[in-house]
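Those protein sequence lines, which keep their order, are chains C and L.
Under numbering that gives the first Met the number 0, read the first sequence as residues 0 to 384, first letter to last.
Under numbering that gives the first Met the number 0, read the second sequence as residues 0 to 253, first letter to last.
Certain hints may be false.
The calculated SDA-like cross-link candidates involving lysine to any residue, where the alpha carbons are at most 25 Å apart (straight line), are [as the list claims (entries may be wrong)]:
#1 Lys-147(C) to Lys-125(L)
#2 Lys-145(C) to Gly-109(L)
#3 Lys-147(C) to Ala-247(C)
#4 Lys-145(C) to Phe-110(L)
#5 Lys-147(C) to Arg-73(L)
#6 Lys-145(C) to Arg-6(L)
#7 Lys-125(L) to Gln-222(C)
#8 Lys-34(C) to Val-209(C)
#9 Lys-125(L) to Lys-145(C)
#10 Lys-125(L) to Val-216(C)
#11 Lys-147(C) to Thr-160(C)
#12 Lys-125(L) to Leu-215(C)
#13 Lys-147(C) to Lys-215(L)
#14 Lys-125(L) to Asp-245(C)
#15 Lys-215(L) to Glu-185(L)
#16 Lys-147(C) to Asp-245(C)
#17 Lys-145(C) to Gly-157(C)
#18 Lys-145(C) to Pro-70(L)
#19 Lys-147(C) to Ala-134(C)
#20 Lys-147(C) to Leu-251(C)
#21 Lys-147(C) to Phe-110(L)
#22 Lys-147(C) to Phe-12(L)
#23 Lys-125(L) to Lys-34(C)
#24 Lys-147(C) to Arg-245(L)
#25 Lys-145(C) to Phe-12(L)
#26 Lys-215(L) to Arg-239(L)
Note that these hints are calculated values from the structure, not bench results.
Each chain, letter by letter, is given below.
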Amino acid sequence: MRGRTVTFARSRYGRIALFLGVVVLVQLLTAVADKPFFLTQLTMAAYYTLVTAGLSLLMGYAGQISLGHAAFFAIGGYASGYLTTVDLASSRSASLVALGERLHLLVPRVDLYGGEALSFHPWAAFVLAIALALAVAWLVGVPVLKLKGHYLAMATLGFGTIVYSVLLASQRLGAADGLGSVPPFPLLGGLAVGGGRAGRVANYYVAWVVVALALLVLSNLVQSRVGRALRAIHGAEDAAASMGVDVARYKLRTFVLSAALAAVGGSLLTHFNAGIGPGEAGVMKSVRYVAIVAVGGMGSLWGTVATSAVLTFLSLRGYFGTLDDAVFGGVLILVMLFSPDGVLRLDARGAVAAIRARLTPLPASPREPGGGAAEEKHRSKGVAR
Amino acid sequence: MSLLEVRGLSKRFGGLHAVRDVSFRVERGTVKALIGPNGAGKTTLFNLVSGVLPPDAGTVLLRGEPLDGEPSHRIAARGLSRTFQQIRLFAQMTALENVMVGVHPRSRAGFVAGMLHLPSTWREEKDVERRAREALAFVGAGELADADATSLSYGQQRAVELARALAAEPELLLLDEPAAGLNMRETAELARLIGRIRERGVTVLIVEHDMGLVMKVSDEVAVLSYGQKIADATPRAVQRDPEVIRVYLGDDAC
Chain C
0 MRGRTVTFAR SRYGRIALFL GVVVLVQLLT AVADKPFFLT QLTMAAYYTL VTAGLSLLMG
60 YAGQISLGHA AFFAIGGYAS GYLTTVDLAS SRSASLVALG ERLHLLVPRV DLYGGEALSF
120 HPWAAFVLAI ALALAVAWLV GVPVLKLKGH YLAMATLGFG TIVYSVLLAS QRLGAADGLG
180 SVPPFPLLGG LAVGGGRAGR VANYYVAWVV VALALLVLSN LVQSRVGRAL RAIHGAEDAA
240 ASMGVDVARY KLRTFVLSAA LAAVGGSLLT HFNAGIGPGE AGVMKSVRYV AIVAVGGMGS
300 LWGTVATSAV LTFLSLRGYF GTLDDAVFGG VLILVMLFSP DGVLRLDARG AVAAIRARLT
360 PLPASPREPG GGAAEEKHRS KGVAR
Chain L
0 MSLLEVRGLS KRFGGLHAVR DVSFRVERGT VKALIGPNGA GKTTLFNLVS GVLPPDAGTV
60 LLRGEPLDGE PSHRIAARGL SRTFQQIRLF AQMTALENVM VGVHPRSRAG FVAGMLHLPS
120 TWREEKDVER RAREALAFVG AGELADADAT SLSYGQQRAV ELARALAAEP ELLLLDEPAA
180 GLNMRETAEL ARLIGRIRER GVTVLIVEHD MGLVMKVSDE VAVLSYGQKI ADATPRAVQR
240 DPEVIRVYLG DDAC
């Protein structure tokens with residue numbers, strides 16, 4: 000009986016259930032502590048977590064790094080924001096616009112000055128935004144994924160910089176101010192993403208259920224034939240190819256999938272915040288996502304989600320003050336030094352042994368010289384697994 | 000028609016002519032060995048056949064169809080499987096998971112099926128696991144299924160790698176120095192295993208240094224020296240070939 004409970008807790012559905020339990024618990028805690036405004040940052044953290052979850056798949060399973068994922072987040076956000084605020088009322092005579100209106104892809108709304116404007120329905124905009132991100136990811140991915148390691152990092156960094164510069168220079172996209180007045184995103188049963196303080200609790204749940212769905216889909220994928228092939232690519236690329244794995248195709252699809260998830264996060268957060276700025280595409284944002292995945296543990300979806308939720312929330316609440324970027328940079332360095340497998344795979348004894356081994360020039364372990372620390376580390380890994 | 004036919008294959012690395020105009024055939028259901036002194040071009044030839052390297056000239060025909068320019072994953076899908084001289088098991092995966100990757104070309108579930116975890120996907124996974132366990136049991140490594148692959152002993156890793164190649168149910172199996180690093184008992188087991196692989200109807204092309212093993216398991220032996228083929232006959236005939244003796248033992252032996 001107990002064995003069965005443990006198995007369930009370790010299965011993907013068990014973990015999703017546990018995850019949703021934590022989500023409910025956190026909401027109850029904010030209610031008890033009378034801090035409902037925390038939910039706003041927690042909701043935002045959920046949408047950023049979509050980026051890191053996808054990136055965890057790309058980095059941990061396919062072994063590819065991307066320093067351009069903030070750009071995909073921004074592409075999703077800007078496309079949704081632009082399409083739902085653009086005014087096509089003056090081009091009603093065009094047959095395509097008329098058709099769009101008839102199909103309810105375009106809907107009339109009241110603009111800032113009380114006049115009538117014709118814009119894309121948030122759902123239509125959402126589909127177009129994700130399609131755009133998919134197309135861009137594919138176009139960028141085909142040439143860029145031929146590169147490896149540092150070169151891939153540099154190329155994706157270059158892509159991110161280009162997107163940031165374009166957004167900053169586009170008057171139509173609000174240049175440095177970004178887009179505002181983005182309408183809420185209507186869901187089933189009167190729920191909506193965005194819409195101000197009244198829907199704070201509902202928004203919180205919607206956001207984290209979206210994350211739960213993403214986690215379900217990703218953990219299914221990780222435990223499938225594709226996930227196995229991705230880990231094989233990570234382990235030994237040429238051997239994977241010799242076993243019939245189409246390495247280039249799997250890398251590209253993983254890249255595109257993670258970009259699409261980032262775009263979903265960007266689109267929904269833009270509706271939630273009623274706007275988006277070019278800072279979302281900034282390089283430091285991309286570095287931050289990579290840092291979160293590194294802390295959470297390469298290839299550990301759950302570790303990444305936990306780290307992402309906590310660090311993003313603290314950052315959004317301003318706990319790190321002006322040192323915000325420095326905290327993420329510092330955390331990245333510490334993780335790489337002491338626990339490259341991520342924080343959740345580190346236990347206290349292993350950490351102490353690792354730190355001792357680095358700080359003292361002499362063998363730190365009282366046991367056999369040399370062998371002690373390594374053995375300790377090895378054992379701790381076994382335990383964590 | 001031969002299962003594998005290699006015609007006029009050449010490969011240069013800068014000034015080094017690693018493989019020079021090599022032709023040979025491997026008949027269906029046989030075991031063929033490629034031997035030669037170090038640096039004779041055996042592994043290069045293997046990499047040309049399995050698509051890891053593109054040839055400068057010549058063709059490779061599998062069942063009479065050219066494999067020219069095909070990437071190695073597609074060659075694998077066409078029924079050619081291989082092991083590596085330096086063992087290439089996937090780290091941080093169990094022995095069973097490693098062998099399950101071998102079933103990749105015999106299974107289908109893609110990204111969408113994987114994400115949705117449909118009943119058909121689930122059934123296919125069960126089937127993949129069953130095939131992988133069979134392959135592990137066949138090489139006598141059934142009890143290693145749940146062990147971390149890279150934590151196994153050298154001989155065990157060789158066995159798992161062989162199971163991984165067999166799990167693809169290949170028509171042609173390429174073994175690159177499978178006895179390297181094995182002790183005498185393990186080598187004798189390997190010889191028996193190659194015999195059983197052959198009984199299953201799998202054709203084997205093997206590169207090997209261990210002459211005892213080569214003479215025991217092969218139907219035909221091709222000898223390479225400085226990238227060129229100098230002999231291609233039965234093991235007995237090759238052993239008596241004066242050119243082969245000269246290459247292996249030096250001019251004085253003649």
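Hints versus structure:
Distance check on the hinted pair: Lys-147(C) and Lys-125(L) sit about 34 Å apart at the alpha-carbon level, beyond 25 Å; violated. Between Lys-145(C) and Gly-109(L), the direct Cα distance comes to roughly 21 Å. Compliance with the 25 Å bound is thereby established for this hinted pair. Distance check on the hinted pair: Lys-147(C) and Ala-247(C) sit about 12 Å apart at the alpha-carbon level, within 25 Å; holds. A hinted pair counts as satisfied when its Cα atoms are at most 25 Å apart, and Lys-145(C) with Phe-110(L) qualifies at roughly 21 Å.
A hinted pair counts as satisfied when its Cα atoms are at most 25 Å apart, and Lys-147(C) with Arg-73(L) qualifies at roughly 22 Å. A C-alpha spacing of about 31 Å is found between Lys-145(C) and Arg-6(L), which places the hinted pair above 25 Å, so the restraint is violated. Note on Lys-125(L) and Gln-222(C): the hinted pairing holds, with a Cα-Cα distance of about 12 Å set against a maximum of 25 Å. For the given pair, Lys-34(C) sits about 23 Å from Val-209(C) by alpha-carbon distance, which is consistent with the 25 Å threshold.
At roughly 34 Å between alpha-carbon atoms, Lys-125(L) and Lys-145(C) are farther apart than 25 Å, so this suggested pair is violated. Taking the CA atoms of Lys-125(L) and Val-216(C), the gap is about 19 Å. The hint holds against a cut of 25 Å. For the given pair, Lys-147(C) sits about 19 Å from Thr-160(C) by alpha-carbon distance, which is consistent with the 25 Å threshold. For the proposed pair Lys-125(L) and Leu-215(C), the alpha carbon gap of about 20 Å is at most 25 Å, so the pair holds.
For the suggested pair Lys-147(C) and Lys-215(L), the alpha carbons sit about 44 Å apart, so the restraint of at most 25 Å is broken. Taking the CA atoms of Lys-125(L) and Asp-245(C), the gap is about 22 Å. The hint holds against a cut of 25 Å. Restraint check for Lys-215(L) and Glu-185(L): the C-alpha separation of about 15 Å stays at or below 25 Å, so the hint holds. Taken as a hint, the Lys-147(C) and Asp-245(C) pair is honoured in the structure, with Cα atoms around 16 Å apart against an allowance of 25 Å.
Between Lys-145(C) and Gly-157(C) the alpha-carbon distance is near 15 Å, which keeps this suggested pair within the 25 Å criterion. Distance restraint check for Lys-145(C) and Pro-70(L): the Cα-Cα separation of roughly 15 Å lies within the 25 Å cut-off, and the hinted pair is therefore satisfied. Between Lys-147(C) and Ala-134(C) the CA atoms are separated by roughly 22 Å; this keeps the pair inside 25 Å, and the hint holds. Distance check on the hinted pair: Lys-147(C) and Leu-251(C) sit about 13 Å apart at the alpha-carbon level, within 25 Å; holds.
The suggested pairing of Lys-147(C) with Phe-110(L) holds, with an alpha-carbon distance near 23 Å, which does not exceed 25 Å. Pair hint Lys-147(C) plus Phe-12(L) holds up; C-alpha atoms about 23 Å apart against a cutoff of 25 Å. Restraint check for Lys-125(L) and Lys-34(C): not satisfied, since their Cα atoms lie roughly 49 Å apart, outside the 25 Å limit. A distance of roughly 46 Å separates the Cα atoms of Lys-147(C) and Arg-245(L); the hinted pair therefore is violated under the 25 Å criterion.
Taking the CA atoms of Lys-145(C) and Phe-12(L), the gap is about 22 Å. The hint holds against a cut of 25 Å. This hinted pair checks out: Lys-215(L) and Arg-239(L) have alpha carbons roughly 16 Å apart, not beyond 25 Å.
Violated hints, listed in ascending order, are 1, 6, 9, 13, 23 and 24; each of the other numbered hints is respected by the structure.
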